[in-house]
Amino acid sequence: MTNIVLVTNNSVVQEKFGEKLDVNHLPQATYLETLEVVRDKIHAGHKLLTHPLSGSVKPNDTPYKTIVISKAKGTLDYDGLGIIEESMASAQKFIAGRKTPQWTDKVKADFRLIDFTIISTAINSMDGKFIG
Amino acid sequence: MVKEVERAGIPVVHLATVVPISLTIGANRIVPGIGIPYPLGDPTLGEVKSKKIRRSIVEQALTALQTEVDGQTVFEM
Amino acid sequence: MSKLRVVHYINNFFAGVGGEEKADIPPQARDGVVGPGLALSKALGEEAEIVGTIICGDSYFGENTKSAKEEMLKLIEMYNPDIFVAGPAFNAGRYGFACGEMATFIEEELQIPVVSAMYKENPGVDMFKRDMHIIETEISAADMRNAVPKMAKLVLKLAKGEEVGSPAEEGYHERGIRVNYFHEKRGSERGVGLLVKKMNGEECVTEYPMPVFDRVDPLPAVADITKVKVAIVTSGGIVPQGNPDRIESSSATKYGIYDISGMNDLSADDFMTVHGGYDRAFVTENPNLVVPLDVMREMEQEGVIGELANYFVTTTGTGTSVGNAKGFGEHFARKLVEDGVGAVILTST
Amino acid sequence: MRLELGKIKITDVQPGEVTKVENGTLFVNKQELIDLAMKDDRIKGVKVEFARPGESVRIAPVKDVIEPRVKVSGTGAMFPGMINKVKTVGSGRTHALVGANVITCGKIVGFQEGIIDMSGPTAKYTPFSETFNVCIVIEPVDNLETHDYEQAARLAGLKIGALVGEAGRNVEPDEVVVYETKPIAEQTAQYPNLPKVGYIHMLQSQGLLHDTFYYGVDAKQMVPTFMYPTEIMDGAITSGNCVAPCDKVTTFHHLNNPVIEDLYKRHGKDLNFIGVILTNENVFLADKERSSDMVGKFVEFLGLDGVIITEEGYGNPDTDLMMNCKKSTEAGAKVVLITDEFPGRDGKSQSLADAVPEADTLVSCGNGNVIVEFPPMDKVIGTLDYVETMIGGYEGSLRKDGSIEAEIQIIIASTIANGYNTLSAKMY
Chain L
1 MTNIVLVTNN SVVQEKFGEK LDVNHLPQAT YLETLEVVRD KIHAGHKLLT
51 HPLSGSVKPN DTPYKTIVIS KAKGTLDYDG LGIIEESMAS AQKFIAGRKT
101 PQWTDKVKAD FRLIDFTIIS TAINSMDGKF IG
Chain S
133 MVKEVERAGI PVVHLATVVP ISLTIGANRI VPGIGIPYPL GDPTLGEVKS
183 KKIRRSIVEQ ALTALQTEVD GQTVFEM
Chain Z
210 MSKLRVVHYI NNFFAGVGGE EKADIPPQAR DGVVGPGLAL SKALGEEAEI
260 VGTIICGDSY FGENTKSAKE EMLKLIEMYN PDIFVAGPAF NAGRYGFACG
310 EMATFIEEEL QIPVVSAMYK ENPGVDMFKR DMHIIETEIS AADMRNAVPK
360 MAKLVLKLAK GEEVGSPAEE GYHERGIRVN YFHEKRGSER GVGLLVKKMN
410 GEECVTEYPM PVFDRVDPLP AVADITKVKV AIVTSGGIVP QGNPDRIESS
460 SATKYGIYDI SGMNDLSADD FMTVHGGYDR AFVTENPNLV VPLDVMREME
510 QEGVIGELAN YFVTTTGTGT SVGNAKGFGE HFARKLVEDG VGAVILTST
Chain P
559 MRLELGKIKI TDVQPGEVTK VENGTLFVNK QELIDLAMKD DRIKGVKVEF
609 ARPGESVRIA PVKDVIEPRV KVSGTGAMFP GMINKVKTVG SGRTHALVGA
659 NVITCGKIVG FQEGIIDMSG PTAKYTPFSE TFNVCIVIEP VDNLETHDYE
709 QAARLAGLKI GALVGEAGRN VEPDEVVVYE TKPIAEQTAQ YPNLPKVGYI
759 HMLQSQGLLH DTFYYGVDAK QMVPTFMYPT EIMDGAITSG NCVAPCDKVT
809 TFHHLNNPVI EDLYKRHGKD LNFIGVILTN ENVFLADKER SSDMVGKFVE
859 FLGLDGVIIT EEGYGNPDTD LMMNCKKSTE AGAKVVLITD EFPGRDGKSQ
909 SLADAVPEAD TLVSCGNGNV IVEFPPMDKV IGTLDYVETM IGGYEGSLRK
959 DGSIEAEIQI IIASTIANGY NTLSAKMY
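From first to last, the protein sequence lines are chains L, S, Z and P.
With the numbering used here, the residue at position 25 of the first sequence is 25, and numbering never jumps.
With the numbering used here, the residue at position 33 of the second sequence is 165, and numbering never jumps.
With the numbering used here, the residue at position 116 of the third sequence is 325, and numbering never jumps.
With the numbering used here, the residue at position 280 of the fourth sequence is 838, and numbering never jumps.
Hints are not guaranteed to be accurate.
[Stated by the list, open to error] Computed list of lysine-lysine pairs in DSS-like fashion (alpha-carbon distance at most 25 angstroms, straight line):
1. Z:K438 with S:K184
2. L:K99 with P:K565
3. L:K106 with P:K823
4. P:K682 with Z:K407
5. Z:K394 with P:K958
6. P:K567 with Z:K406
7. P:K906 with L:K93
8. P:K565 with Z:K406
9. Z:K394 with P:K937
10. P:K588 with P:K665
11. Z:K407 with P:K906
12. Z:K407 with P:K588
13. P:K984 with L:K93
14. Z:K407 with P:K665
15. Z:K362 with P:K958
16. Z:K407 with P:K567
17. P:K958 with Z:K329
18. Z:K366 with P:K823
19. L:K73 with S:K181
20. L:K106 with P:K906
21. Z:K544 with Z:K436
22. P:K855 with Z:K359
23. Z:K394 with P:K567
24. P:K565 with Z:K394
25. P:K567 with L:K106
26. Z:K359 with P:K827
27. Z:K329 with P:K984
[Unchecked claim] Reference excerpt, derived from the structure (chain Z facing chain S, CB under 10 angstroms, subset only):
28. E316
29. L319
30. S375
31. V431
32. V442
33. M508
34. R543
35. V553
What the hints contain is simulated information worked out from the structure, not anything from laboratory work.
On a predicted model such as this, the values are computed, not experimentally measured, just so you know.
For glycine and all other residues, C-beta sits at the position ideal for the given N, C-alpha and C.
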């Protein structure tokens, strides 16, 4: 589990994983900005490990996003790059149609929980798997 | 654009940082660039190395132009 | 009810003001019907009346698009129209461009329904069909009789807020808009039906066409690059300092051609990038990272390539938004051919 | 495997002292249902209300819909691995109360559940406006952890569905339909001249509120597997997820999977229905690769000439859908995909988040982004408090008079991507 980095704007992910795992916490980033950071990291040679649109909660609903990438850098991950680019285009499309609302704290907390749970169940299931 | 150039009868090689996009837009000869902030070269390695990388990418591009292809082909570095 | 007020846009040719030699005439307004407006007026019938006709030369429009649009907006506003009709432009590319530009502009500015008509290969169709209704016509003005009633019918429907039918029903170019309807059979039954047909090798029509993967067959390899003139084209937005042609930082609507004769590299003092969206710091410091003039000049001198074209072509965007990129791709490709360019290196960020 | 499905047509629902079916009317002892649900100490309160077609009733937020069924003969019992012992189901005889449904509602996390209108202009978008619904409004104990509450509500729905289904055990069905798929050698031999067809059923499996269970196994923990089509009719698959309401595959939709039903309709005539390949929609890309590889392997191993693939959800499942399409095509099958679309409010953007050239035959279940008007209703079962935070709703969606403006994705199963509905989209 030391070979992955979690890129997130979700404080719950930072809280629960921050000590055990490498978490790149972007507290100020929007959903789209989080995707952009990941896109840039893929250009820098990291591999995309989880699908950016995980959750099926649409990008203009949830403000939170956690994406797992490899810690190691290698050759450019073309498939990953294609997926993140398409995901960004998709997210932009939704946000252009309707901006993510200013949710109440309760709803935000729920969205953080959903995002955290999706990523934690995924991570718990990958223990020891080859991700290279 | 790449397709229109090819349609006009001029062989074209696409030096692209986002190869999937290059594939989508229909380039036939593709050479991957280094990355979006610096497609041809890597300035973080210093100017000399960076230029060397640029030269090798362009050389690869010329090789691609002089290679027969049946369809979309990525010429990895 | 008073009649709906229609303004009609046509080019100098259809207005009977000369041919190509008069294509540079600036916008002018005439009260009432001119040229094809007569047919349109008949087709509109009792419900609407052409109160004014706006005429502009296609070259004038192409060269002064922005100011021409503003000028004509003022002329059109004076007629206080309910409807704006442009063309038909048939297969005239520049006319189609002008019709599309004007119609979409007027729709946005005046919030009134607009319609045009063009032949399917008119570049204006691809450029504007998503944003407006364009009636499908045949290739030439011989089809006027057919096209005009369809335009009239559609624009009246739009003006009255009536439901507009499918492209096939109304005769407009498919706009790529997904509209819901209830089919008589449920989806799974249709799916099984399609599968049976597909397995039997019968024709089966998808309900959602994938984005078009337009392909062009690869050209044969360049036989000997040491004898060929090579040109650099980039979508990385490298322009002379100050961006003299004002190329947009994204979704560019134009391209630039910039001289590099006598230069051994692309100096950061003379060139900059306008590409939006990415970290420009590295390229700002060294534009050769996008337009590899330094190494290509060396190669030219070493005889690795025959010759380097004395300019490069630049725009922004990798061409994913098809419309414009295709348009100017076709345009500058002609110049490259004329200049004897035998191979192109196209760089994208 | 052979299953006789006895369909008991329900034409009304009424309160009664005993839960039973008489002359097409389902009588429900509400207290019996409440007592069953309250056995779970995570649940503080339960209300049971009825909703009938044509009534001025809005149900929200809906979590799951379960058709009452009972296993009359054959091994196992309804919803194995969930509320009954793990035991292979799908053979023998099962009775279904067709036209009746158990609907669980009550808040969960605040945005992932949808609306059912029993009348008015939006009723046509959901199949549940045409059924007689027993609505279970669940209230959790205070400060119950979300996972726990989701699970409690899910199990309550299944238990009540099975309990109400018992009422059909000794009722003579109006119609009995026989479904049969044999082991592959025999099945191939039965119709040697017909093309062999499979159904690739993609189960939503991304995490909390995005889970589906197969014999109690969370689908994200399984690798693709083979299933006889009749297993699903006895509740081998249950829904534990809420993606967008519009494309949620409810437990009802698993029991009544339309692709399986329509493939059986042409089984032995135009095709030879070999079975179902179950796969998942996981978050890790490596999982997507592995699962789609295995799907392709099954297609090859079973020698399928054609497959239908359905997905659940939008966005990352589109990637699984395309991978499955590509690999099934490469394995030699003709492929038809069924999906819904999200091309944005103006309908002009790409409908799917991923695309491959092999995906050349698609069935569309409609555009979920279309905005519709919901007039006020006389009665609300559940609460409208969460409308603006539901998917498809937005700030200003809910008006004071109880009317709503929202995208049709807020309606339960409106664009369900398995082809249950007739809604589709075409190019304008």
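Hint numbers not upheld by this structure, sorted from lowest to highest: 2, 3, 4, 5, 6, 8, 9, 11, 12, 14, 15, 16, 17, 18, 20, 22, 25, 26, 28, 29, 30
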